[in-house]
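K.L.:
Next come the chains, spelled out residue by residue.
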Amino acid sequence: MRAAVLEAYGEPVRIESVPEPTPDPHGAVVEVEACGICRSDWHAWQGHGEWADDQVERGQVLGHEPAGRVVAAGEDVTRLSVGDRVAVPFNLGDGTCHHCLNGHGNVCDDGLALGFEQAAPGAFAEAVHVPYADYNAVTLPENVHPEEMAALGCRYVTAFHALSHRVDLAAGDWVAVHGCGGLGLAAVQLAAALGAGVVAVDVRESPLELAADLGATATVDASTVPDVPEAVAAHTDGGVHVSIDALGRAETCRHSIECLRTRGTHVQLGLTTDAERGEIALPVDRMSRWDISFLGSRGMPPTRYDELLRMIATDRIDPGALVTRRVALSDVSDRLAAMTDYGTRGVEVVTDFGG
Amino acid sequence: MRAVVFQGAEEPMTVEDVDRPEPGDDDILVETEACGICRSDWHAWRGDWEWIGVMPQPGLVFGHEPVGRVVEVGDNVDRFAVGDRVTNPFNLGCGSCHHCRDGRGNICERSVPMGFVPFQTGAFAEYYSVRNADFNAVSLPDEVDPVDVAGLGCRFATAFHGLAHRVDVTPGDWVAVHGCGGVGLSAVHVADALGANVIAVDLSAEKLERARDLGADRTVEVGAVDDVPQAVKKFTESSRGADVAVDALGIAETCRNAMDSLGKGGQHLQIGMTTSEEGGEVSLPVDTMVTDEREFYGTYGIPPNEYDEIFRMMATGKLEPGRIVSETVSLEEVPGVVEGLGDYETVGIPVCDGF
Ligand SMILES: [Zn+2]
Ligand SMILES: [Zn+2]
Ligand SMILES: [Zn+2]
Ligand SMILES: [Zn+2]
Chain A
1250 MRAAVLEAYG EPVRIESVPE PTPDPHGAVV EVEACGICRS DWHAWQGHGE
1300 WADDQVERGQ VLGHEPAGRV VAAGEDVTRL SVGDRVAVPF NLGDGTCHHC
1350 LNGHGNVCDD GLALGFEQAA PGAFAEAVHV PYADYNAVTL PENVHPEEMA
1400 ALGCRYVTAF HALSHRVDLA AGDWVAVHGC GGLGLAAVQL AAALGAGVVA
1450 VDVRESPLEL AADLGATATV DASTVPDVPE AVAAHTDGGV HVSIDALGRA
1500 ETCRHSIECL RTRGTHVQLG LTTDAERGEI ALPVDRMSRW DISFLGSRGM
1550 PPTRYDELLR MIATDRIDPG ALVTRRVALS DVSDRLAAMT DYGTRGVEVV
1600 TDFGG
Chain B
79 MRAVVFQGAE EPMTVEDVDR PEPGDDDILV ETEACGICRS DWHAWRGDWE
129 WIGVMPQPGL VFGHEPVGRV VEVGDNVDRF AVGDRVTNPF NLGCGSCHHC
179 RDGRGNICER SVPMGFVPFQ TGAFAEYYSV RNADFNAVSL PDEVDPVDVA
229 GLGCRFATAF HGLAHRVDVT PGDWVAVHGC GGVGLSAVHV ADALGANVIA
279 VDLSAEKLER ARDLGADRTV EVGAVDDVPQ AVKKFTESSR GADVAVDALG
329 IAETCRNAMD SLGKGGQHLQ IGMTTSEEGG EVSLPVDTMV TDEREFYGTY
379 GIPPNEYDEI FRMMATGKLE PGRIVSETVS LEEVPGVVEG LGDYETVGIP
429 VCDGF
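Protein chains in written order, with the working numbering: chain A, 1250 to 1604; chain B, 79 to 433.
Careful, some of the hints might be misleading.
Claimed, not checked - For the chain A half of the interface with chain B, some residues (derived, Cβ under 7 Å), not all of them:
no. : residue
1   : L1350
2   : N1351
3   : G1352
4   : N1392
Unchecked claim - Every beta carbon over 12 Å from chain A, so not counted as near; a handful from chain B, in silico:
no. : residue
5   : E88
6   : T92
7   : V93
8   : H176
9   : D180
10  : R182
11  : E221
12  : D251
13  : G293
14  : L362
15  : E371
16  : S404
Claimed, not checked - Partial chain B-side listing against chain A, Cβ under 10 Å, derived:
no. : residue
17  : D153
18  : D156
19  : C178
20  : R179
21  : G181
22  : G183
23  : D212
24  : F213
25  : S217
26  : P382
27  : N383
Just so you know, these hints were derived from the structure itself, not from any lab.
On a predicted model such as this, the values are computed, not experimentally measured, just so you know.
Every residue, glycine too, gets a C-beta built ideally from N, C-alpha and C.
Here chain B stands alone, though its shape is the one from the complex (with noise of 0.2 Å):
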């Protein structure tokens, strides 16, 4: 089968002829339909991340945010027939240890990152296997359109995890989103959803335009103003500062205007991971914390068993992940969008669904 084949890090990737995966007796090989192209696919291609154990080998084929059709089926799946159409969080779970026995199948003991591993090999391929395909995959709409929910694999669904299970967002609820890349576009349309009001954050005017069609009721524009966290505080009550912040881009920059630009009490949410600049760390005022009670939430992909929510609210028109999708591209294309994610300029989901 084609697929995208990483040669080593910042080396320019290739479309080969590869082995087809072969899934076994708990898993699901499925005929890929679109996957998205993600800002970590672009992490990994650059060789950061090393510091949490992602050191992506020559060989490897990227790609986690996944749709497709079911062609085979393992001899111990129940719920999965051939013909479904499927998506699944790019965490892969166990299903057995504590966490996955207790919903949070996104933080298992034994978490699998589709794409950047070789024994769990991406979606921009032919063809991709599923593990535990009983508790990991999970069934599509009849009606979706493949391209629509390709986000669902990891920028769309780990802004709903973050915003509706991590942090308490309630109605009215001022929420900053610092960076509107895919998965900060994600966050503001799920924040917008669930009630809040919005305040988009960003460089770049063209993605503040598409975050304000997302439902941002503010957006600042970092080049335009001396202090952000200031700027995100005035548009709230008395400049007492924002309810929930989202680092939905992981620079020290992002993370600390967003903790900065919190009022009392406020909860600051880290979905963005950190580039070889950071290396993973970055300083925070803690004291403030302390004497303001805010809180700092990680949060991680997606428990698979969350995904019916958002088709509830897909179904009655409340989310919409197809709006964040930028364009799409084929195969042949992959490479060449995910090397240039590092300038920034992509507004909102590339899609690859040309096989």
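For reference, chain A alone in the conformation it holds in the complex (with noise of 0.2 Å):
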């Protein structure tokens, strides 16, 4: 089958002929049929990780956002028939650690990143093996079209998870969203589903348009304004209850703790650069002086799914209004490349695996 294999850090990514997975006895094989380009493929492409023992390996299949239809199952799997259609988390869960029990899959102690490790070959593929699928396959309703729900397997669900379950947002809530790739649209779109008011921030005029039209409040362009959390204070009374950092450069991680209101929460979505290399110098004093609460978020437990698809069904969610263009695989070389300058606007999927 035909997959797109990271061969060197920052060179073309080359289509290459691999063979089909089989599934594991507790596994199941889906035949892709949309997978989201993300920032962490573009962090994965550039080598970066490499500070935290975290690089991709060369010979990687990258792409962690898939969503296709089952068709094999290991014998093992009961809860998936083939012909279903599904979506998959890139974190995987073995289903059986404390935290998997608990409820908190995407810290498994044994989880694996789907498209980041050998053992989980990514979905920039013609099909994807997914490791202990009764737990980790969600299965999606049969009218949903698959490239708008490709983003639930990184972007779309990350925000949920960060805004549903880490935060206690309350309806009437500020919610300043620093970085509108992606990630910070999806948050903009489920903070203004969840009854806050929404500032978004980015230095490109394009991706806050976006932003608006998907339920920004407010908006700040950063490249013009000399100071960012004053002008987020400005349009919320003087500072917002939660912040996210939904890109990851030190620039955006503090401007989010800084815009900040008392006995706020900030929230940190977005992985770091070379620039960075995992390390940010944090206002730890006033930190503490104010009550403000730093929160880490990863991904979404594959068993809190269910919420998110009921406010799909009940239209008040559409992870679909993101998608803003389809391509094909061999397209993914350019497309990351287009992300280093930040050249992409909103989420990018492969839809087309034949060319």
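These two chains come separately, so use the hints to put the complex back together.
P.N.:
Okay, structure coming up:
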């Protein structure tokens, strides 16, 4: 089958012919109908993460936002049948460790990261293997478009878990979202759906326009204001209740913490670049003095997708509205390159695996 | 094997020779070392709880606070081996429904209460089986004494789950425990270990004495005051009321007293189930609950995955379930002890350890 393989950091990603997966006894093989292209793919392609012993090895099939149909299931799989349409979280749990058993499979002790390690080849391919499929695969309703569900593997659900489960968001709270890539735009749409007022922050006009369409109450163009936290505070009566760094740069992280009101909560979603190498100096005294909380948040437990799917079913949220471009497998390399200078907008999805 | 056999509501139970349970592929067979004698056994013997579907038939073996050594392991069981010392919550989960997968197996869609149904007999017997053992059974630390931890199947664990996971007990909160039977004394001890200020309430001076030993800071002897809720409130600042109140008995009077002893924003925790007098229904002051923003929480058993928290607190001496145990008896004495629970004279948890 055809697959996009990382052969050298920063060099074009090649389309190669690789063996089709066969299911482990607990696994399932999914024919990929759509797979989003995420900034984490770009980080992997750049060779980031070596500072945390987390660099993706060469030879990896990338791609971690798949939606598709089950074409084969192992003998121990009971909850899935061939033909089922599924989404797959990038954070794959074993379903049996302490965290999985407590409903926190997104931080499984023995988890795999789909498309980032050899044991879990990714979904920029005609088919992908899902380990512990009973636990990890999420059955989708028949009437959804797979390309609209592609971000359910990573960006959309990461924003959902952060806003629904990690912070205590109350209706009428102000939420700031720093960085309006796919993840940030998902956070904008979700925060608005959960009853918050939303301030979207970016340095580019076009994603800010998209953010306004998706429900942002106000936008701040960080390239045109002298002081971003002050500009956010001006829209929100002195600061926000919850602020999200959806990008992962020192600047967006600091802005996010500094635009909080007293007792506010910062949520870190974006992972850093090789400029920060995983470390950002934070204003800890100020955070102590004003009861500021800092929460990290990763992916979403597979066991809580039903909440999101109910909101999609009642049209309260629409992940498809973030999708701006459909591309072929052979375009993956170019679209990753376009992320280097932030040249993409919204969520781009691979839908043509033959081209 | 020898077992205590139910002969019908309020008929004397007898010790008889019965067949050993046959463990299925997912089950383990355990040789009983200890089993607590619980008020629930008395309720079932009396024929209470028809309204929640508990209708024990003659021939049933009771006993749902078991500790023992594994003697047989089904083909599909991975987590246990012959010789392991185990306990389990009385609430046995399927391991695969939404709640089990989400860390809340105590409210499993297909929950099976051990020792109350013919297909999952209890541990007032030389042997008992545990269904879906990988999910339900819990390994005990080697050094524990089986008699000390017999209450972990029901009373002690239920008190722990309720106080640690259902309500928000923070250090210094006033926690009022109404009813100081086995579950109430467990609640006193757990609340004390969690850093709360504990007010114990009971009719019996002897039980209140025991509650003081276990960490109660204040006591209210019901027969000695005109107004129990006021007597509880008087211990709190400006008589504003308790932060958390536990009904650890389950009669209309303790339930109302617990609710009425709360302050604004207080949380009522219902652990005890009612008698045939109430038939599962107690009238509650809903308008006051609205205007005071009081909360009412039901709590049921414990998910198996929360036991490690108890074990960690036992390892550091913060919890000592053995201190609630009042006496040990033999299988022959079990019928008399169960039948005698109706006069509320037992202080603490009686445990059968002679099979
Ligand atoms: Zn796990
Ligand atoms: Zn991603
Ligand atoms: Zn279940
Ligand atoms: Zn019990």
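K.L.:
Of the numbered hints stated earlier in the document, which are not met by this structure?
P.N.:
4, 8, 9, 10, 17, 25
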